[in-house]
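Peer 1: The residues making up each chain are set out below.
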Amino acid sequence: MIDLDVYAPLLLPKEELFTSGHRACQGCAEALAVRIVCKALGRNSIVAMATGCMEIVSSPLPTTAWQIPWIHVAFENAAAVASGVEVGLKALMRKGRLPHKKINIAGMAGDGGTADIGLQALSGAMERGHNMIFVCYDNEAYMNTGIQRSSATPFGASTTTSPAGRVKAGQETWKKNMPEIMAAHGIPYVATACSAYPIDLYEKVKRAAAVKGPAYVHCLSVCPTGWRIPSGDAIRYGRLAVETGAFPLYEVIDGKYQLTFDFPKLKPITDYFKGQGRFRHLTPEAVGRIQERIKGDYDKLRAKCENVKK
Amino acid sequence: MADPARKKIGVEVSIAVSEAVKQCDVDVVSAYPITPQTHIVEHLAELVAQGELDAEFVPVESEHSAMSVCAGSSAAGARTFTSTASQGLALMAEIVYCVASMRLPIVMVVANRSLNSPLSIWNDHSDAMMVRDSGWVQIFVENGQESYDHIFWCFRVAEDEKALHPVMLNMDGFMLTHTIEPIEYWADEMVKKYLPPFQPKFRLHPEHPLTMGAFGPPEIFTECKKAQDEALIATMPVIERAWEELEKICGRKYSAVETYRAEDAKTLLLTMGSFSETARVAIDEMRETGEEVGLVSLRLWRPFPFAKFRDAVKNAESLIVIDRAVVFGGPGGPVASEVRSALYSGKKRPRIVNFIAGLASRDVQPDDFYQMVERAKKKIKDGTEDEYEIYGVRE
Chain A
1 MIDLDVYAPL LLPKEELFTS GHRACQGCAE ALAVRIVCKA LGRNSIVAMA
51 TGCMEIVSSP LPTTAWQIPW IHVAFENAAA VASGVEVGLK ALMRKGRLPH
101 KKINIAGMAG DGGTADIGLQ ALSGAMERGH NMIFVCYDNE AYMNTGIQRS
151 SATPFGASTT TSPAGRVKAG QETWKKNMPE IMAAHGIPYV ATACSAYPID
201 LYEKVKRAAA VKGPAYVHCL SVCPTGWRIP SGDAIRYGRL AVETGAFPLY
251 EVIDGKYQLT FDFPKLKPIT DYFKGQGRFR HLTPEAVGRI QERIKGDYDK
301 LRAKCENVKK
Chain B
1 MADPARKKIG VEVSIAVSEA VKQCDVDVVS AYPITPQTHI VEHLAELVAQ
51 GELDAEFVPV ESEHSAMSVC AGSSAAGART FTSTASQGLA LMAEIVYCVA
101 SMRLPIVMVV ANRSLNSPLS IWNDHSDAMM VRDSGWVQIF VENGQESYDH
151 IFWCFRVAED EKALHPVMLN MDGFMLTHTI EPIEYWADEM VKKYLPPFQP
201 KFRLHPEHPL TMGAFGPPEI FTECKKAQDE ALIATMPVIE RAWEELEKIC
251 GRKYSAVETY RAEDAKTLLL TMGSFSETAR VAIDEMRETG EEVGLVSLRL
301 WRPFPFAKFR DAVKNAESLI VIDRAVVFGG PGGPVASEVR SALYSGKKRP
351 RIVNFIAGLA SRDVQPDDFY QMVERAKKKI KDGTEDEYEI YGVRE
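Those protein sequence lines, which keep their order, are chains A and B.
Each step along the first sequence adds one to the number in my numbering, with nothing skipped, and position 148 is 148.
Each step along the second sequence adds one to the number in my numbering, with nothing skipped, and position 158 is 158.
Chain A extracted, bound-state conformation (with noise of 0.2 Å):
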């Protein structure tokens, strides 16, 4: 039978805002991300965006990636920015200095600058309710600095800054759930995704884009140099990061949540470890508590979930 999923992408709309040529790595699952969330976006969009592998990859004077207008000011502020230029632009058309249009205003950051050094100015920007869409690329590590541990990065990994040792395991604090602190700042919309689901990426940022107020993507952008493997498996450890439970897919619309893709028996966790440089000193015991975790964290949020049958 033909699978006819794999033809999906063609749909997309053809338009690159996000061009080809910039200097992202061979096979890099965020620069994917950024372009889906483009096409998504549309032309009537302006981004800001924060300082990391996505701005220095994109914008190296003269040159530029960005079809669409772009601002990046620093590092811990994309949210902060992005929220000046909806009010900016508020201001400018009921003022009747610029004609009335819907443009999306994004803010855009990896998960060092989402979750560690962003997460004030993103959640002060949430808060406020401006009319934006943040989206995290989170690879789980400060990876364009050079693979230093963020508290997005999972436990268990090995970073340069939570490097596996003699008698250290690598990262030794769990993923902080960034998704869940989205949610409980009560916004409309608060979705996870991953470029691995090009489709699902899609739609959840147009449903992101569509809701009046702030809406939250988190996309999970694997990161085949930080996460010590093939360029080429970047799609294929994005799709068993969610099967196994470690990076479930869900929405939170107006509180309501709902499991994209369930999966009543994840696969193991040692599927999605096998072959990932940054897992290989783990321990059968530390897996096991991993699996363990994964698993609790599924159920847990399983049973939130309206869509799945308990």
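Hints are computed from structural coordinates only; laboratory data are not their basis.
Since this is a predicted model, take the numbers as computed values, not measurements.
A portion of the hints provided could be inaccurate.
Unchecked claim - One side only, chain A facing chain B, incomplete, derived with CB under 10 Å:
| # | residue |
| --- | --- |
| 1 | Ala48 |
| 2 | Asn77 |
| 3 | Lys90 |
| 4 | Ala91 |
| 5 | Arg97 |
| 6 | Gln120 |
| 7 | Ala121 |
| 8 | Gly124 |
| 9 | Ala125 |
| 10 | Gly288 |
| 11 | Gln291 |
What the hints assert, rightly or not - With a straight-line cut-off of 27 Å between C-alpha atoms, the simulated DSSO-like cross-links for lysine-lysine are:
| # | chain 1 | residue 1 | chain 2 | residue 2 |
| --- | --- | --- | --- | --- |
| 12 | B | Lys201 | A | Lys101 |
| 13 | B | Lys266 | A | Lys95 |
| 14 | B | Lys162 | B | Lys266 |
| 15 | A | Lys95 | B | Lys201 |
| 16 | B | Lys192 | A | Lys102 |
| 17 | B | Lys193 | A | Lys95 |
| 18 | A | Lys14 | A | Lys102 |
| 19 | B | Lys192 | A | Lys95 |
From the three backbone atoms N, C-alpha and C, an ideal C-beta is built for every residue, glycine too.
Keeping the supplied structure of chain A fixed, place chain B upon it in accordance with the hints.
Peer 2: Just chain B, lined up with the frame of chain A:
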């Protein structure tokens, strides 16, 4: 609120400043509360709440975000205002530098206040000096009327196509912000005549996509910085013109370097901000005793008005620079070290004596200026070659 009859009214300077911001019809105000800036932003919030000012008031969660919101709204082409002080300025400093390099014409009032520690809410210039090299046009004002008048000036300079720099108005915290002074408001028509609507050359808009705040590799970074430096220096004619036009509108004459009884003065005092007013009183008193003393008040701090400054001090034998910030372990207060450098290449230059005074609102009365003149004379006579002295320390 503008009084067409142009009568002076008694008003707190912070309120007058926010009335001026309103008269400029700003589009966005973004701020985080910090003493002694609060009255300015509180009044702006009230003006927006009462429908007297059609603007977005964005009460952010930090000064860092205040300036970041300003960056976004200014990049979108909105006339944008913020205000802060002290620790707030320190927190936003990263973005203070960014917006200058991005040439975003934001206007900010700094209600000058000391930097911690120990914690102090009172007035000196240590906050402003921290961002001295940020690339903003920076001025210091002496009194309430100047503060009010210069809000219009700030927007006019910032948004001029030949300038496009953010502009920082430094006004002494409490000394000015919380003082009630007689102030003459401009009629709205005067503002209209003086300040054209902001028409940004570049803005973030889907109709003309552009990339702002890009990454500058070493091959291009030096050129960017050279261009920025030249652009700030080249703003001088815009600045001068804005003062000339301001005089035509309201009759008050301002310039980069003000002098008072300086023509024949052997000794010149150099002050910035509200101290200049007290110094004038002191100079009048000293003149009565036959002391040949005058005042140079530096209004424009960046771009530094080298030519005007050198001209103002060219006949003096000694120049007493009164700084309001400490440069720890350095060559004297920031103003003194700067003017020493500005005068070094001249053949004839006054002897410079530097006092650091008035930290955290430590009172400096006319008599203190007299004391400083006496001490300076003694230092010169004795040949004391100290870099600076912190004045008025209780021992």
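Peer 1: Flag every earlier hint the structure violates by its number, smallest first.
Peer 2: Hints 10, 11, 13, 14, 16 not satisfied by this model.
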